[in-house]
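Undergrad: Sequence:
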Amino acid sequence: MKKSTTILLLAAALSFGYLPTCTMSVEASNPTAVTDKDPKDHKTKKPHHKKPEPPHKVHHRKPEPPHKVHGHRPPRRPMPPVGTHYRERPQHCISISFNHAPYFFAEGIFYRYANASYVVVRPEIGMIVPLLPETGVYRIKKKGEILYVCHDVLYRPFKSGGNLHFKIVGFL
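The sequence shown runs -28 to -1, 1 to 144 under mature numbering (1 follows the signal peptide of the UniProt record, and there is no 0).
Keep in mind the hints are simulated off the structure, nothing from the lab. Owing to the predicted nature of the structure, the values given are computational and were not obtained by experimental measurement. Accuracy of the hints is not assured; some may be wrong.
Listed next, the in silico DSS-like pairs over lysine-lysine satisfying Cα-Cα at most 30 Å (straight line) [unchecked claim]:
| id | residue 1 | residue 2 |
| --- | --- | --- |
| 1 | Lys139 | Lys114 |
| 2 | Lys114 | Lys131 |
| 3 | Lys115 | Lys139 |
| 4 | Lys131 | Lys115 |
| 5 | Lys113 | Lys139 |
| 6 | Lys131 | Lys113 |
Make the full structure from the sequences, and use the hints.
TA: See the structure below:
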């Protein structure tokens, strides 16, 4: 049994201003395509279709980066559990001294050197870091004050010597 289907070619409609008709005959698994300009067909017909309406203009907003979208938290790398040991010092880490004890800070994670390895530790309230990671940080407003959150640690920004620093003020 043969079935014929008329297909409107929208690309041709836009470029030529009319819609040619394409008929497809399907027999079992042997499809063939015949257009209205088939060389076997001596009577090439012009389509009697109207020009398509131009598509409605859709005004798209330029997407904003995730860190600027209200109510959206940027993706973050999961924090390793406290107590995780690493043989080598983390790359790009910063040395911090707090209560005369050395700490290392990298990508929002705090480490201490113990037993020939670097151990992930929970930071202490009052610690100060000179910067926060580029990803995984978001702002919240708590009691009318803007705080930054990274790995569930709350940081209060402040200026010291003309530079911005961040002090740990709590945890989520």
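Undergrad: The structure should be examined with respect to each hint, and the outcome stated for every one.
TA: Here's how the hints hold up against the structure:
1. With a CA separation close to 15 Å, the supplied pair Lys139 and Lys114 stays within the 30 Å bound.
2. The hinted pair formed by Lys114 and Lys131 meets the criterion: a straight-line CA distance of about 19 Å does not exceed 30 Å.
3. Simply put, Lys115 and Lys139 have alpha-carbon atoms about 17 Å apart, close enough for the 30 Å limit, and the pair holds.
4. Between Lys131 and Lys115 the alpha-carbon distance is near 20 Å, which keeps this suggested pair within the 30 Å criterion.
5. Annotation: proposed proximity of Lys113 to Lys139 holds, straight-line Cα distance about 16 Å (limit 30 Å).
6. This hinted pair checks out: Lys131 and Lys113 have alpha carbons roughly 19 Å apart, not beyond 30 Å.
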